[in-house]
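Undergrad: Residue numbers (numbering that gives the first Met the number 0), protein chains in the order written: chain C, 0 to 409; chain U, 0 to 269; chain P, 0 to 297.
Wrong hints could be hidden among the right ones.
Claimed, not checked - Cross-link-like lysine-lysine pairs, in silico, DSSO-like; alpha carbons within 30 Å at most:
no.: 1; chain 1: C; residue 1: LYS392; chain 2: P; residue 2: LYS254
no.: 2; chain 1: C; residue 1: LYS313; chain 2: C; residue 2: LYS326
no.: 3; chain 1: C; residue 1: LYS303; chain 2: P; residue 2: LYS254
no.: 4; chain 1: C; residue 1: LYS206; chain 2: P; residue 2: LYS283
It is worth saying that the hints were derived from the structure and are not from the lab.
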Amino acid sequence: MRQRLRTLFVLTAAVGLALVACNRGSGPALTVVIAEYSKDHTRAFWQNLAEQYTKQGGPKVDLRIIDWNSIDQQVSTMIQNNQPPDVLNLNSFSSYARDGLLYPADDVVSPNTRDDFLDAFARGGQYQGKLYGLPILSSARAFFYNRELFERAGIAAPPKTWDEFVETAKKVQALDAGIVGYALPLGPEEAQAEWSIWMWNGGGDWKAGDAWAINSEPNVRTLGFLADLANRHRVTQVNPGRTNRTDGAFQLFKDGKVGMVMGFSPLAKQLDAEGKVKYGVAEMPTTQPRAITLGVEDYLMAFKKKDNREAVKKFLDLYYQPDNITKWITAEGFLPVTKSGLERMRANAALTPYLDALPNARLVPTTDPAWDRVKLDVQQNIGLAVQPGGNPKEVLDQLQRNAVAAAAAR
Amino acid sequence: MRRAALSLAGIVLACVVLAPYVVMVLTALKPDAELRVTPPRIAPQTWRPSNFWDVVSDPAFADWLRVSLVVAGVSTVIVVLAAAPAAYYTARHRFPGRTAFLFVVLVTQMFSPTALVVGLYREFFELDLVNTYAALILTNAAFNLAFAIWILRAFFASIPREIEEAAAVDGCGRLGVLARVILPLSGPGLVTAVIFAFIAAWNEYIVALTLMTAPERKPLTVGITSYVTAYVQHWNHLFAASTLAIVPVVVLFALIERHLVGGLTAGSVK
Amino acid sequence: MRARRWRALLWLGPSLLLIAGVVFYPAVALVRSSLGRYSVTGLFQGSVGVANYARLLEQPALSTVLVNTATWVTAVVGVTVAVSLALAQLLHQDFPGRTLVRWALIVPWAASLIMTSKLFVWIYDYYFGVLNHLLTSVGVLSRPIDWLGDDATVMGAMIAVGIFVSLPFTTYVLLAGLAGIPGEVYEAARVDGASAWTTYRLVTLPLLQPALLVAVVLNVIYVFNSFPIVWTLNDRNPGFAHDTMITYMYKIAFKSALRDVGLAAALGVVNVALILLAVFAYLKTIRWDDGAPAAGRA
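For reference, chain C alone in the conformation it holds in the complex:
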């Protein structure tokens, strides 16, 4: 028995060592880092693309699919070790451009591809006049409401002004103990998105010209309005400053207990799949002449490394072929970033409200490298303003101070 145990030990150790020998990394490869949008589609598409690429004569692709929670850490680790990827998909780009790490678009995509980008998105990828962040996909927020709850509360149409909005929320909230009028997610996950929508529709903006204007008059009023929703009118879910979208606000809406929420096309897809909630999509309630919605674009960027320009160019051109890019964006449930893609996706009726909103969508200031810090600051702190006893003006003043400091630093 002991003899056998010893043999087993030795065998396993030998296997271990053999694995060490056999599994050394192989030759030159193109490192491609993609964020994991979904388990079902992201890996499948990009693995297929990588195989296509290699078959067409490109080098092997070291494909890394990383979930959103960890991708910042992973990328930072790679760069700290001077081992950036060749191609990176991320929701920000300007800090990398400022650090001189990226190829400008002219170097790595063909003129056809360049011209195919939708203007708003191409502008959203520029740093100091040059395009560095190539748009990879986009999404637009829309105003979702629960038709059944609206019927029960006797509401004929979705609200257009903020006063109507408060009235509607109160009526829905009053329906039952567990029902929420408006699900307001200002937790650290994506608070800047929710805040952007309300801020713009309240008449304010992130910046005035080139300078940060986070604590402008309209913004303080708007944040005060949100705080009132939570604490005075009490038409939100519990602790909105500590609720995230994905495991908070959206879940409540999917359960049919929420009257209104700011959603986007992936949420619509899930709602359709579950078939539990009858919902409608409308424009945001606004104080402005036209409702403004948030457009979000994610980027592909190419890192400057020795001798990788040709390989990267081939890869990017392969992705941007209309068939490929449209196939992926459709599978994930997002919106196009190219003119050719827009044409092809028009045929999908479910996307119409978002595609219509796209031209009027505003983007957050990702072109400013300071945005990376400002975004995190907002995520971490804006929820404090809507807590009982929170002070919207103070919170915005602090955010403004930090933004100005971030802009001045290096």
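Got chain C sorted already, so can you dock chains U and P onto it with the hints?
TA: Chains U and P only, in chain C's frame:
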């Protein structure tokens, strides 16, 4: 009577300890539409055992399972192979540097893997070992060394020297004494060290996340998180996969658990 | 004497190799990082000496995080060890069903910390969580509690999970210790007429000392360094009000407006120093000097 009271206490303990995991399994059996319901229901209305089948038949899951098994298994063996001699020698002999060695071993445990992960990545990148089994195996082995050395040492030290001397008289070399006499007598300690090292490696997350980025090289802990992303949430599949991930550990434990009972047998000195 | 040292190297060799390779190298890298300045992207921008350490001391959140960490470690380790002593005693007895109870106890340990943390986020949820549902239906609570969002309950909720996942490991270490105590000592105590409690206090506990040592020291280290529980349960709370030193370090590096890898590395080094101090203090207190415990010499 006393045994009945003990059994009752045991049952209560088991229930308390298993309660959250029962919730997990029941959630794993729910269809998507029932996942978040107010007021919450503990058991599903529509039972969906196919969720488990979805996970098992997912080729990605098979990959993750394989990686976890290899990494945990091999690193556990390496831990025992490295720790046993070190523990034995430090238990039996005073030599210059003994305290220093034990101290160094302890200090290595104090470094949080979260803090070391960047350095680990650089090191393995330079050795061209990123995304390899070897990197994860060696890392897990090193991180679990302290515990193994300490517990084995405590056990070896409590074995009377007479037993070893008897074996030496019988003609065993030093290593032979360790393997044939000491290790078997340290059953509980050895079992604890093995379980500990295996579970620690099985459940390790942050280093695996950083070093294993190719989809087919991710262990279970990392792969499972893809069921719930910012845009799609399949909590039922996540919990089904988590339930399945617990099984190999419980099986291993069930196999070697009875050795936890063994202790010094009074008759061995005879 | 020299031969002894060489022989020692042979026996200690594999361990030393592993440690040097896997822990020492990254540890040095950590210290080097703490002396550098990094851009938001992670790009190294030059050395700044100990400036990061100085900036660390200026962080307004540091004192809160330190207090949180002290509370977290003391509560989790203290309660875990106390309860585990009792559980080990229970599982050491022979009773019908003992094997099944032992198997049950392994489950919280067998499940990864991330999984258990996510599970408890699920259970603690204000609207959808089982806990609120149970407590309100039974009447213990008149209204649901936002366990993870309410400042008053977050720490307690996290500590409960910390204790829950630490119990199996600690119990098994103590169980191994109990199993190593020869039956004769209990016989002798009984012959001397000692009561159960006195036996436990004066015979069992001292003989458990080596196992207790391992349990406490390692628990302190693991609980201090524990990332998944605090990170997952505290995920939706803004600011740093409930962070421990480890999650604070991670946030400094990647998730807060600071985004400063050098500062985080400095905190990483400070963390090691802190645990070192704590463990050292504990070891000094119990006077760990000699090698083998008394048990084998009886």
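Undergrad: Evaluate each hint against the coordinates.
TA: Hint by hint, here is what the structure shows:
no.: 1; hint: C:LYS392 - P:LYS254; in the structure: holds (24 Å)
no.: 2; hint: C:LYS313 - C:LYS326; in the structure: holds (19 Å)
no.: 3; hint: C:LYS303 - P:LYS254; in the structure: holds (26 Å)
no.: 4; hint: C:LYS206 - P:LYS283; in the structure: violated (58 Å)
Hint compliance for this structure: hint 4 is the single one not met.
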